[in-house]
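2 protein chains.
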Amino acid sequence: MTPPAFYEKPILFIYFAFTNLTKIKQISYQSRMAKEVTPRSENYSLWYNDIVLKANLAENSAVRGCMVIKPYGYAIWEKMQRTLDQMFKDTGHENAYFPVFIPKSFLSKEAAHVEGFAKECAVVTHYRLKNDPNGKGVVVDPEAKLEEELIVRPTSETIIWNTYKNWIQSYRDLPILVNQWANVVRWEMRTRLFLRTAEFLWQEGHTAHATSQEALEETERMINVYADFAENWMGVPVTIGRKSPSERFAGAVETYTIEAMMQDGKALQSGTSHFLGQNFAKAFDVQFTNKEGKLDYVWATSWGVSTRLMGALIMSHSDDNGLVLPPKLAPIQVVMVPIYKGAEELASISGKLKEIKKQLEAKGISVKLDDRDNFKPGFKFAEYELKGVPVRVAMGPRDFQNGTIEIARRDTLEKQSLSQEGIAEYIEQLLTDIQQNIYNKALARRKEMTTKVDSYDEFKRLLDEKGGFFLCHWDGTAETEELIKEETKATIRCIPLDGEMEEGKCMVTGKPSKQRVIIARSY
Amino acid sequence: MTPPAFYEKPILFIYFAFTNLTKIKQISYQSRMAKEVTPRSENYSLWYNDIVLKANLAENSAVRGCMVIKPYGYAIWEKMQRTLDQMFKDTGHENAYFPVFIPKSFLSKEAAHVEGFAKECAVVTHYRLKNDPNGKGVVVDPEAKLEEELIVRPTSETIIWNTYKNWIQSYRDLPILVNQWANVVRWEMRTRLFLRTAEFLWQEGHTAHATSQEALEETERMINVYADFAENWMGVPVTIGRKSPSERFAGAVETYTIEAMMQDGKALQSGTSHFLGQNFAKAFDVQFTNKEGKLDYVWATSWGVSTRLMGALIMSHSDDNGLVLPPKLAPIQVVMVPIYKGAEELASISGKLKEIKKQLEAKGISVKLDDRDNFKPGFKFAEYELKGVPVRVAMGPRDFQNGTIEIARRDTLEKQSLSQEGIAEYIEQLLTDIQQNIYNKALARRKEMTTKVDSYDEFKRLLDEKGGFFLCHWDGTAETEELIKEETKATIRCIPLDGEMEEGKCMVTGKPSKQRVIIARSY
Numbered sequence: 001m002t003p004p005a006f007y008e009k010p011i012l013f014i015y016f017a018f019t020n021l022t023k024i025k026q027i028s029y030q031s032r033m034a035k036e037v038t039p040r041s042e043n044y045s046l047w048y049n050d051i052v053l054k055a056n057l058a059e060n061s062a063v064r065g066c067m068v069i070k071p072y073g074y075a076i077w078e079k080m081q082r083t084l085d086q087m088f089k090d091t092g093h094e095n096a097y098f099p100v101f102i103p104k105s106f107l108s109k110e111a112a113h114v115e116g117f118a119k120e121c122a123v124v125t126h127y128r129l130k131n132d133p134n135g136k137g138v139v140v141d142p143e144a145k146l147e148e149e150l151i152v153r154p155t156s157e158t159i160i161w162n163t164y165k166n167w168i169q170s171y172r173d174l175p176i177l178v179n180q181w182a183n184v185v186r187w188e189m190r191t192r193l194f195l196r197t198a199e200f201l202w203q204e205g206h207t208a209h210a211t212s213q214e215a216l217e218e219t220e221r222m223i224n225v226y227a228d229f230a231e232n233w234m235g236v237p238v239t240i241g242r243k244s245p246s247e248r249f250a251g252a253v254e255t256y257t258i259e260a261m262m263q264d265g266k267a268l269q270s271g272t273s274h275f276l277g278q279n280f281a282k283a284f285d286v287q288f289t290n291k292e293g294k295l296d297y298v299w300a301t302s303w304g305v306s307t308r309l310m311g312a313l314i315m316s317h318s319d320d321n322g323l324v325l326p327p328k329l330a331p332i333q334v335v336m337v338p339i340y341k342g343a344e345e346l347a348s349i350s351g352k353l354k355e356i357k358k359q360l361e362a363k364g365i366s367v368k369l370d371d372r373d374n375f376k377p378g379f380k381f382a383e384y385e386l387k388g389v390p391v392r393v394a395m396g397p398r399d400f401q402n403g404t405i406e407i408a409r410r411d412t413l414e415k416q417s418l419s420q421e422g423i424a425e426y427i428e429q430l431l432t433d434i435q436q437n438i439y440n441k442a443l444a445r446r447k448e449m450t451t452k453v454d455s456y457d458e459f460k461r462l463l464d465e466k467g468g469f470f471l472c473h474w475d476g477t478a479e480t481e482e483l484i485k486e487e488t489k490a491t492i493r494c495i496p497l498d499g500e501m502e503e504g505k506c507m508v509t510g511k512p513s514k515q516r517v518i519i520a521r522s523y
Numbered sequence: 001m002t003p004p005a006f007y008e009k010p011i012l013f014i015y016f017a018f019t020n021l022t023k024i025k026q027i028s029y030q031s032r033m034a035k036e037v038t039p040r041s042e043n044y045s046l047w048y049n050d051i052v053l054k055a056n057l058a059e060n061s062a063v064r065g066c067m068v069i070k071p072y073g074y075a076i077w078e079k080m081q082r083t084l085d086q087m088f089k090d091t092g093h094e095n096a097y098f099p100v101f102i103p104k105s106f107l108s109k110e111a112a113h114v115e116g117f118a119k120e121c122a123v124v125t126h127y128r129l130k131n132d133p134n135g136k137g138v139v140v141d142p143e144a145k146l147e148e149e150l151i152v153r154p155t156s157e158t159i160i161w162n163t164y165k166n167w168i169q170s171y172r173d174l175p176i177l178v179n180q181w182a183n184v185v186r187w188e189m190r191t192r193l194f195l196r197t198a199e200f201l202w203q204e205g206h207t208a209h210a211t212s213q214e215a216l217e218e219t220e221r222m223i224n225v226y227a228d229f230a231e232n233w234m235g236v237p238v239t240i241g242r243k244s245p246s247e248r249f250a251g252a253v254e255t256y257t258i259e260a261m262m263q264d265g266k267a268l269q270s271g272t273s274h275f276l277g278q279n280f281a282k283a284f285d286v287q288f289t290n291k292e293g294k295l296d297y298v299w300a301t302s303w304g305v306s307t308r309l310m311g312a313l314i315m316s317h318s319d320d321n322g323l324v325l326p327p328k329l330a331p332i333q334v335v336m337v338p339i340y341k342g343a344e345e346l347a348s349i350s351g352k353l354k355e356i357k358k359q360l361e362a363k364g365i366s367v368k369l370d371d372r373d374n375f376k377p378g379f380k381f382a383e384y385e386l387k388g389v390p391v392r393v394a395m396g397p398r399d400f401q402n403g404t405i406e407i408a409r410r411d412t413l414e415k416q417s418l419s420q421e422g423i424a425e426y427i428e429q430l431l432t433d434i435q436q437n438i439y440n441k442a443l444a445r446r447k448e449m450t451t452k453v454d455s456y457d458e459f460k461r462l463l464d465e466k467g468g469f470f471l472c473h474w475d476g477t478a479e480t481e482e483l484i485k486e487e488t489k490a491t492i493r494c495i496p497l498d499g500e501m502e503e504g505k506c507m508v509t510g511k512p513s514k515q516r517v518i519i520a521r522s523y
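If you read the protein sequences in the order shown, they are chains A and B.
Using full-length UniProt numbering, you'd call the opening residue of the first sequence number 1 and step up by one each time.
Using full-length UniProt numbering, you'd call the opening residue of the second sequence number 1 and step up by one each time.
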């Protein structure tokens, strides 16, 4: 059995001089073990799971495939939510709320849609339980059978377009720019915390427009909002592109996606925006009188991101010591740990730390001062490293005397001793630097792991050897796409929007192609 | 057929001098009719429904008993949510998220709980649909039957305490102070928008404590938070009290409630906080090692408010012209309407209004400038009155010349012409005054409609004649409570926490009583 990871780190070791090593040993071996994270090199998938569980982000529940999002995980999601919500409002959207249930018959009204969702949905068939005649708890009351079954929403296009029918008569009622924050259920067979769960939280925008052009603009606007959020808040570089027809949303005419690359080189679809054409308007008979006084079907978009973003966030930046969070989304941006012996030292050091805390909070920075007495500094350091707190501030009695303070950054694990003078300004700048550094690192990795290939054999070899994103020519047929998927488990992630036009030949069939697409294995 | 209400109001009539009366007539009769609200005196229940529908707050959906919360209604709910959420955080709580599904067997583990919820719940029995062999849409796939049925949560005590079992070992793990914002489903047979719907949005706090004392304190703390929110944000005076045993939450040892009085004198239970004792800890075997090293069951509370608060808000303050909103919860606090002829007048008046808008926004006040050209001022006035915007600002060409501005307040329907000088400060103060006035009005009504009675006959007579709250002596038995309910449809709303102790005799049985309780009909 290897020793706990944080024992091996020199950055921590130095503190054992300050603290009482024998007391450190009192922390039970079990609790130290509980903090240990499987290294990425050993098992990437287990590493991910360890971080989710041990940083207290989420856990599996008693209900198959459904997770419990724990307070620390939820606090990150809440920051994402608030930020995205403001971005939606800034682009003219309002929130609303539609029923969690969808009548079964609604699903069938759009042919592709029912095909996409009927096979994995939770079906409500009864509305009452009764006492078991055999005296064992409760059973479904057969007399309380619903006339029509209800589906727990896997997405809300159908119920929303059935509602919009009554909201739209004329072009004056358009556009409708509505978003909903909600839970949805898709009965996935293989689930993974945040990445794929039977129930997940998300937002779904549903807009209605008078023209195709306006709806297309909205579709593009929202995929750009997602890309902005991913890059500038999550620190995750993404490629914006169109999905191939076979990867489109069930019922969409065009699906835009943002694709992020995880540390193992796999792609993670992080958000999608769909141009739905008039498909749902036709399915639900939503017509309007246009400016020319003629009846036409309404044009639609829908777009969504979910708690899956948590998975992208975790897998993009974290390391073998635990979670690494971009400062903009960290619930705690700065943690302060006093190093002391006895109440007197604690009082003076904490006093000083509280001063700095106030200065930081005045700058809108969230700070936690951890002066718990029953945990040693080394233990606390490991805990906040595991939880990805971007900046750690420590102060011992010598620091107190010398007017210094120790600052450690989570992203690089570097630390330095600095003067207390102007430290709030320094930390403020440091948080900006960390945000940028995290993004740069992910961007460099993506660059390093993106390969242009023109031969299918080379593609297959490099996919296994190196992984990552591959820029390849594809003949545009579903057959070739399917063949690649079957043979390599890699899929066409997207046709990049900013990809340059380049004449080429499909790497599989040799047929002509005008633009490279991104192919990768994915989550 | 009576003419539309807003034609009758002198406050509006004056504007017809400014505007072109013949143009006003162009507003189709139908759209004016759509704004008309049934007067309270005519049909209180229809009045309520009219306001919900015509102020665009919510509507019924295609799913029985489930509502669509429309953007304007949701914006109010969102303000409530944000405020409450901050209050919960300020009292040390964190948010988390638990599954929407509850295994059927979980419900049965707490005897009173299953009794309370099994009779009205949505039951998921299957996880897949398949194409109808007869070619008609999709049908439930009988092969995809769940081993154990899942209940769409009516409340989350069971799934949460099953989770807490793994979170709690020692007193060091306590307290757990967690809140969840979620949708819940209770299959109510008679539903009314916001007041009683099959699905509703709410928050549910679930806390775990080491001692009974601490849990009781938490229970009281949270009912006080609710009362604070109701009175100081919603402008709704409430009585805090304990529920009688038969009215307690299913599984609670003690239920605290806040009871508000609506304009028709009926009570509306607006929030509850439950001391659950060790009931759920015992049902889910959640034990911890206390400070003395002994195993004990954990003590629990739960507390919640829901979109029902929207119903309380609407029914407390609104009038026959529409919604009246307390400024603190109004999505639009000030609306500005320019009165003009032609583009030139519009430009100069709008320019001036925009200046004032900026000043107001700098004070954190939300302002909407409505310069839509296709609607006349009178129409706009009626619309914002219907939507309960607290302050309306209008400026015509004479105002522009004279440096004046017209301010109308929604709560009293008073208006006055004021100098533009210092108008932002005036409006800021006015919003505070309106908030206070709305509360005072509701408080005066409650006082006026609260009656002490000592005779059951008088109670019955006054209940029908006057309605409202009745302070009565009750012998404390479920039998008497049931008798009152059966004979009068009134129930014991609560045993007020601040009620003075007073020796008396039960108005029904003459048996001794030590404190008056509140009896009323309710929503």
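Since the hints were made in silico from the structure, they are not lab data.
Check before you lean on any hint, since a few could be wrong.
If several chains are the same, the list does not tell them apart, and a pair holds so long as it fits within one copy or across any two.
Straight-line Cα separation of at most 27 angstroms, DSSO-like style, residue types lysine-lysine; simulated pairs [what the hints assert, rightly or not]:
#	residue 1	residue 2
1	K341	K368
2	K328	K441
3	K291	K165
4	K514	K447
5	K505	K485
6	K130	K282
7	K363	K466
Structure-based check of each hint:
1. K341 - K368: Classified as within; 20 angstroms inside a copy, 59 angstroms across copies.
2. K328 - K441: This pair counts as within: shortest intra-copy Cα distance 16 angstroms, inter-copy 45 angstroms.
3. K291 - K165: Result: close within a single copy only, 18 angstroms intra versus 62 angstroms inter.
4. K514 - K447: within (22 angstroms within a copy, 78 angstroms between copies)
5. K505 - K485: Answer is within; shortest intra-copy Cα gap is 19 angstroms, inter-copy 82 angstroms.
6. K130 - K282: between (42 angstroms within a copy, 23 angstroms between copies)
7. K363 - K466: neither (44 angstroms within a copy, 57 angstroms between copies)
In summary, the structure is inconsistent with hint 7 from the numbered list given earlier, while agreeing with all the others.
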